[in-house]
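2 protein chains.
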Amino acid sequence: MEKYVYDFAEGNREMLDLLGGKGANLAEMTNLGLPVPAGFTITTRACRAFLATGQVPGSLGAEVDDHLHRLESTMGKVLGDADDPLLVSVRSGARFSMPGMMDTVLDIGLNDVSVVGLAKQAGDERFAWDSYRRLVQMFAKTVLGVEGAYFEKALAALKDDRRARTDLDLTVDDLKQLVTTYKQIVRRETGAEFPTEPREQLDAAILGVFRSWNGERARVYRRQERIPEDLGTAVTVVSMVFGNLNLSSGTGVAFTRDPASGSPGVYGDYLQDAQGEDVVAGIRNTLPLQELEHLNPQAYRQLLDVMSTLEHHYRDLCDIEFTIENGKLWMLQTRVGKRTAAAAFRIASQLVDEGVISLDEALGRVSGAGLAELMFPRFDTTAAPPALAHGMGASPGAAVGKAVFDSPSAAEWAARGEDVVLVRTETNPDDLPGMVAARGILTRRGGKTSHAAVVARGMGKTCVVAAQELRVDTAHKRFTAPDGTVVAEGDLISIDGKTGAVYKGRVPVVDSPLVRFFDGTFDAASADTETRDLVSAVERLLRHADARRRMSVRANADMPADAHRARAFGAEGIGLCRTEHMFLGERRRLVENLILAHDDQERQAALDALLPLQRSDFAAILSEMDGLPVTIRLIDPPLHEFLPDFTELSVRAAVAKATGQRDEEAERLLPAVRRLHEANPMLGLRGVRLCLAVPGLVELQVRAIAEAAAEAMKAGHHPLVEVMVPVVAAVQELEHVRETAERVLDEVAAETGTHLEKVVGTMIELPRACMTAGQIASAADFFSFGTNDLTQTTWGFSRDDCEASFFPQYMEMGIFGKSPFETLDRDGVGALVRMAAATARTAKPGIELGVCGEHGGDPESIHFFNQIGLDYVSCSPFRVPVARLEAGRAALPEAVAGSVSASR
Amino acid sequence: MEKYVYDFAEGNREMLDLLGGKGANLAEMTNLGLPVPAGFTITTRACRAFLATGQVPGSLGAEVDDHLHRLESTMGKVLGDADDPLLVSVRSGARFSMPGMMDTVLDIGLNDVSVVGLAKQAGDERFAWDSYRRLVQMFAKTVLGVEGAYFEKALAALKDDRRARTDLDLTVDDLKQLVTTYKQIVRRETGAEFPTEPREQLDAAILGVFRSWNGERARVYRRQERIPEDLGTAVTVVSMVFGNLNLSSGTGVAFTRDPASGSPGVYGDYLQDAQGEDVVAGIRNTLPLQELEHLNPQAYRQLLDVMSTLEHHYRDLCDIEFTIENGKLWMLQTRVGKRTAAAAFRIASQLVDEGVISLDEALGRVSGAGLAELMFPRFDTTAAPPALAHGMGASPGAAVGKAVFDSPSAAEWAARGEDVVLVRTETNPDDLPGMVAARGILTRRGGKTSHAAVVARGMGKTCVVAAQELRVDTAHKRFTAPDGTVVAEGDLISIDGKTGAVYKGRVPVVDSPLVRFFDGTFDAASADTETRDLVSAVERLLRHADARRRMSVRANADMPADAHRARAFGAEGIGLCRTEHMFLGERRRLVENLILAHDDQERQAALDALLPLQRSDFAAILSEMDGLPVTIRLIDPPLHEFLPDFTELSVRAAVAKATGQRDEEAERLLPAVRRLHEANPMLGLRGVRLCLAVPGLVELQVRAIAEAAAEAMKAGHHPLVEVMVPVVAAVQELEHVRETAERVLDEVAAETGTHLEKVVGTMIELPRACMTAGQIASAADFFSFGTNDLTQTTWGFSRDDCEASFFPQYMEMGIFGKSPFETLDRDGVGALVRMAAATARTAKPGIELGVCGEHGGDPESIHFFNQIGLDYVSCSPFRVPVARLEAGRAALPEAVAGSVSASR
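The listed protein sequences correspond, in order, to chains L and E.
All letters in the first sequence, in the order written, are residues 0 to 903 by numbering that gives the first Met the number 0.
All letters in the second sequence, in the order written, are residues 0 to 903 by numbering that gives the first Met the number 0.
Just so you know, the hints here were simulated from the structure itself, not pulled from any lab data.
There could be a bad hint or two in this list.
All copies of an identical chain are treated as equivalent in the list; a pair is satisfied when it fits inside any one copy or across any two copies.
Simulated crosslink set (SDA-like; lysine to any residue; CA at most 25 Å straight-line) [as the list claims (entries may be wrong)]: (1) Lys713 to Ala618; (2) Lys152 to Arg162; (3) Lys503 to Thr380; (4) Lys182 to Met391; (5) Lys158 to Gly264; (6) Lys497 to Asp532; (7) Lys656 to Phe645; (8) Lys158 to Asp799; (9) Lys817 to Ser777; (10) Lys843 to Ala830; (11) Lys2 to Ala203; (12) Lys757 to Gly773; (13) Lys817 to Glu677; (14) Lys337 to Leu303; (15) Lys119 to Glu746; (16) Lys497 to Glu677; (17) Lys476 to Asp429; (18) Lys843 to Thr753; (19) Lys140 to Asp418; (20) Lys817 to Gln731; (21) Lys76 to Thr165; (22) Lys476 to Arg674; (23) Lys447 to Arg674.
Because the structure is a prediction, the values reported are computed rather than measured.
Using the sequences and the hints given, assemble the complete structure.
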């Protein structure tokens, strides 16, 4: 028969799946001999059985009986006993912590009889009745589902009546009356009495935890985080200890190192004569943990010992919850502690120095996401005024600008050169132009998946949402902070997309020291210890990642300055050099000539004029990347992108005609723009199709590349150029371009007397290219997966059209947890990439396989690319260190990798 | 050692791959004891070896020696002998016949010496020298690659000089001089002498055939037809026999039945004292074959015997080429003969009646393409004037309209209700609006893959291209026919997209008798025998196909009238009922209200107004299809499709503003149109995304469906409704809609007291849906592959934007042979469909799988769908008989299926 209940002594921390995080760690501490109150854990399998059948397993009741009796005999008390009652807390504990799950019911076992026993034992009647009224309230709310506001109102009414300022001003009699009132509320709302039988309370609380697994919020969260639906939650039942008995009691939380800065030394808060609840409620100020040394030296020393034991045992920063009851220390919870990104790097490096963990393990404990966060510019908070409000940081960065309150104003102000921050109650697709124009976005409502948050992340804009303390008055174009400060249109504000802080005025922005370090402008001598320490920890772990990783890391860079930075940031080549921008600006006119050419001669003249310009563009990039591979993509976008917008031009032409004026440009361009207009440009004449359709275009680009390379070789450099053909769907397309490219390379080689390698490959960015990868490989020296476009065609939605329209709703509905444009969708797009990589390798062993979509810089996606055996990832220069780190983490040995995931 | 040369007696017709069509059939006839001139065939493997290495296999020369000696001893003559020369012809013969391949060199073995021997033997000096001059010309042109015009010019000059009207007016001396002139041309153009050594002529001709395999035209043709590049061609070497010796000689072609009508009885042409060349040149009129009975009764009877032998042996219509030399019959070629679609059906049915073939074999010998052709309306040619010209039929149908000569005029005339035929020299993308507006398109230039042809086929418009005899003068808006007839703008013309004929005036159009038959309006009594016979052959073979096929056939139909016709044509349900049109016309205003609704109440009011209208739509369709499944697709297109075009509206609004007028509609709608405007609507808010985004939309449609079904049930009918969700990419999307749909179905069932089946499935039209088919299957009762959209996303091109822009070029370049929107692309799209079908079946055995893209009516695609195990295809009502026939053919047993392909 299956065992559904484990005493703490029967478990350990490996049993996470069965006992949940809380239960497994309590078991671990118990077996370490640490002072843990006695208790037991009901397994996730019991929960799963209940959820599947609506019935608890038949044997569960007897098992709980058994373990409860053992608990009673260990503690020498009986649950709900009239004289000296055992009380217990019931808590949920799943494999992953999860918002929306039922948290805790304390003081189970109290009723009209046992409350008297508790008062007697504690020598404190007030304490006992306050515990009782808390039980009724907590139980009713979390187990019975009664609206919490009823209890809050009743409490407030009583306090009013008694003219009490705080709960502490209420008398024992007041509390007794409150218990009566609370029970009436329960009766009214549920049609049943509050259960006074202790065992009945316990069983109901256990079922309450089970049921909360399927609460709406928990389900949405799981869908979003892709946590399996069928894990279930465990339930821990622990003997109550009381930190609120007297001044020799108290409760606290502590960390074995500073989780904010990563500095060594314990760190925490302590509150005398209090329960955990009170710490959270924040009614009284907590003391720094160190004060405990004076209040209770013995408990303090014991606590330090425990913390040292835990850190050595877990080999990592631990956080703990503890309670001191009448001078005696009890451990209520521990886990490997959360920490800031900076702390993660510093602690990992410290633990290596201390000989606790290996460099591999240290690498496993930091993350690319953390590194990226550390590289963002940030506000110099020493120079900042107090924040007006705190929202939720939804898209990182530090934005400063004038507040504007609607989209048209944002666009208008931005058009005249102002930096603006768009402030809205919440955003919707109509706000898109304003969001594009703004430096940052601030909303009063919303969450991490609201429209503003999703769109801002997609655009890489700073965004703060859920700044609920602000009163936003869009009609009068202003908002009001809790302190009464009014910010009107045009007032400068600063928002911090990481912390969610909102400031009035301009807060100075400082570069990340890491970026200065990569750029070679970091001055270690003038930096403080923490910063120096952080920089050296990051450098050390990046170096280790470089040594470990199998994939190389390249950058997407179109301009020499980007290439320069990419190289400084550690890029080992350029994986995507787009040539589109080379046709913009003052060269637009040449492209117009190309498009409007009436005959071959005019077209050739336009191409000839572009040749020297392109050649010098390429020469500059090759010079920056001397000795490293540079993958140059032939022109990709449809021609009309180089001409004015069709609607705009139509309006101009029509208005000119209607008003009898002339608009020569509109007249000249409209016919061509109309001819080139496409209903779906993303699915139109672009990429290789364009290369094949416009005679001379491939020749122009390949000749410019070849001449630039030949020039560099003659100057003694080592250019390594790869020609990349975009939007290939069929091998025949690539064959045609390859034929032309090889011919031109041969011609230039002959003309210049140089030896030019003929490396020609293709983007794989269409599902058909994936399905026929074996055929395409026969004509390609390399594949570079263009996962942005591949995501668009695989899902059949375009980023521009959809990210701002229905993605927020899709995330709310749990259709996907993250935008597939941010993190590669493994099941769909990833399956295509995996298949294509395998087929290509079979058809042409040794073919070079990389990725140059934005996913190349996304940690989770990088792990996937490593797993399927790609040779390199290419990402924006700024993400290169992130990619190096994650490529290293992805390559860690199996034994370490067990605890490594991209999102840690 | 490999054998590279086979005497005719050593081969047979199964050796097609090795000996090519010609060689295999000559061998077969030889072994049947028919009078075939002696000869041998050099294998395709010899050709392949030559193409691979540039060298003929080392042993080939000796083998040819050997077989040539045998040939000489059989014929009792020696190649190029001075007294009685053996002459041979050299011909190519690949597995598939192929334009651009070198055809024939006759009279090899002639030189200045042997020509005298030939003259002596034939007793005809003129004949001998004419043969010699033909050899020089043919050899120089096809083997040496000398421009043919030089010889034609030299001949014309000599005729001018001699004032000769025809070649026959030239004397022997003239011909001798011509040989000298021709040899000079060869020397001038090739820098070498015409080879006079017979064996050198033979070897050069063999290599010429080998090389012609890689000629440009042949390569493009193979790419387009997907014929493998590496098959190679065989070479047949045959002793010459002469039909042009005297009046007891002659040459002819014959068919064992009439290949045009399919009527029984032999059929052919004969030309006295002539060679095959002369028949092709058309200088003299041929005689009906039957005349041969009077000219040479013995040869005629022998010919009839041979034809009977061949038809019984090949068990099919044969065509033959024969020559009579001095009264003796020689067979030069035979093959299973090409025939018209009508003949195919009639002959297949006759052969069944005659006990020659089985019904299965008969079904294998007809085709859906042929049936489709027979179902088009056609001109009543008995009522037609003589054609002005003949072009190439590029897209079938019979179009009548007023000639217009540019795209704007076509659009303008059509807008005022005129039927027009657009006449152009050739078309390009600028002509698209005119092509859309026209009933038919006529071009002077182009071919089957030119812009006009490809676009017209895509749009289902009648099109004739390559009407080269017409002089099209677009500047003056007229064209001139060879007979001087001038057709000006506005004159009525008629064009036949099948035959390529162009007529002046209106030619009456008649419905196909087959369509009348399916519609139940065919009057057998008043029809002629041929027509009656055709209708009964088609019916018989369709009935057999129905008995054979595994897949069922449904129709795509949105309106009751379409559903009615579909059922008459044999549809077994509706596989795709689109609901979009139900929101058009007068209901646009209701959709506007829905889109412009300011709050839930307004939106609900708009939905409520649509409900009864939708319900009655569905009721009408269900009534037509009572007892058969009807798959109704929820609304698919993006909302802006129901509003005016963004550019148009922007222009209206801007012009109104600029001129100080008001345009209330533009003002009212522009904000919504702007909000809903998408850069790529095909990749935007549509399908299931729209269903999830607009509250109440799914409820509205499902309720309308459910109420219509409940109503029908109450009236004693048997509605079988399936709800289909479009554009699903992730199972979660389907789950959400399914939940709503099931709830509404339950509600309506409860309200109406009926039992409604809850059949909910999805279109599979995105690559991601294919890749995650296993997951999606868990929430779907059926899949219907939407191969149009799937083709768009898999290839990353939209039909609207690309078919008219670069498809023609892609076909010319051999990137694809047929538009992937016409015939399913097996390697890419097909591979996805195959994978999805297999995965879905594994995840949910018995899930119903069908296809509702246009490929559902395409013969080649139907075979593929059958092969991968789909349950049904759904196509336009008109294609239903085609699909029935091809689904039957696809299911034929292996033994028959060997000779069956969709394209026969």
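Against the structure, the hints come out as follows:
1. Within a single copy, Lys713 and Ala618 get their C-alpha atoms as close as 12 Å, which meets the 25 Å cut-off; across copies the closest is 79 Å, which misses it.
2. With identical chains, the CA atoms of Lys152 and Arg162 are at most 25 Å apart within one copy only, with a shortest distance of 15 Å there and 123 Å across copies.
3. Taking CA atoms no more than 25 Å apart as the test, Lys503 paired with Thr380 passes inside one copy only; the shortest distance there is 13 Å, against 87 Å between copies.
4. Neither within a single protomer nor between protomers do Lys182 and Met391 lie at most 25 Å apart by alpha-carbon distance, with minima of 38 Å and 93 Å respectively.
5. Taking the shortest Cα distances, Lys158 and Gly264 never come within 25 Å of each other, neither inside one copy (43 Å) nor across copies (114 Å).
6. Taking identical chains as interchangeable, the C-alpha atoms of Lys497 and Asp532 lie at most 25 Å apart only when both belong to the same chain, with a minimum of 22 Å there against 82 Å between chains.
7. Taking identical chains as interchangeable, the C-alpha atoms of Lys656 and Phe645 lie at most 25 Å apart whether they share a chain (16 Å) or sit on different chains (19 Å).
8. Neither within a single protomer nor between protomers do Lys158 and Asp799 lie at most 25 Å apart by alpha-carbon distance, with minima of 55 Å and 73 Å respectively.
9. Taking the closest pair of Cα atoms, Lys817 and Ser777 come within 25 Å of each other only across two copies (23 Å); inside a single copy the shortest separation is 36 Å, beyond that limit.
10. In this assembly of identical chains, Lys843 and Ala830 lie within 25 Å of each other by CA distance both inside one copy and across copies; the values are 20 Å within and 20 Å between.
11. Proximity of Lys2 to Ala203 under the C-alpha cut-off of 25 Å is restricted to the intra-copy arrangement: shortest distance 20 Å within a copy versus 90 Å between copies.
12. Proximity of Lys757 to Gly773 under the C-alpha cut-off of 25 Å is restricted to the intra-copy arrangement: shortest distance 20 Å within a copy versus 43 Å between copies.
13. Within a single copy, Lys817 and Glu677 get their C-alpha atoms only as close as 31 Å, which misses the 25 Å cut-off; across copies the closest is 23 Å, which meets it.
14. With identical chains, the CA atoms of Lys337 and Leu303 are at most 25 Å apart within one copy only, with a shortest distance of 19 Å there and 97 Å across copies.
15. In this assembly of identical chains, the alpha carbons of Lys119 and Glu746 never lie at most 25 Å apart, being 101 Å within a copy and 60 Å across copies at closest.
16. In this assembly of identical chains, the alpha carbons of Lys497 and Glu677 never lie at most 25 Å apart, being 40 Å within a copy and 32 Å across copies at closest.
17. Taking the shortest Cα distances, Lys476 and Asp429 sit within 25 Å of each other inside one copy (17 Å), while across copies they are farther apart (50 Å).
18. In the homo-oligomer, the alpha carbons of Lys843 and Thr753 never lie at most 25 Å apart, since the shortest distance is 28 Å inside one protomer and 61 Å across protomers.
19. Proximity of Lys140 and Asp418 under a CA criterion of 25 Å is satisfied in neither setting, with 48 Å inside one chain copy and 76 Å between copies.
20. Taking identical chains as interchangeable, the C-alpha atoms of Lys817 and Gln731 lie at most 25 Å apart only when they sit on different chains, with a minimum of 14 Å there against 36 Å within one chain.
21. Proximity of Lys76 and Thr165 under a CA criterion of 25 Å is satisfied in neither setting, with 33 Å inside one chain copy and 130 Å between copies.
22. For a Cα distance limit of 25 Å, the shortest separation of Lys476 from Arg674 across copies, 23 Å, qualifies, whereas the shortest one inside one copy, 44 Å, does not.
23. Taking the shortest alpha-carbon separations for Lys447 and Arg674, only the inter-copy value of 24 Å comes in at or below 25 Å, while the best intra-copy value is 43 Å.
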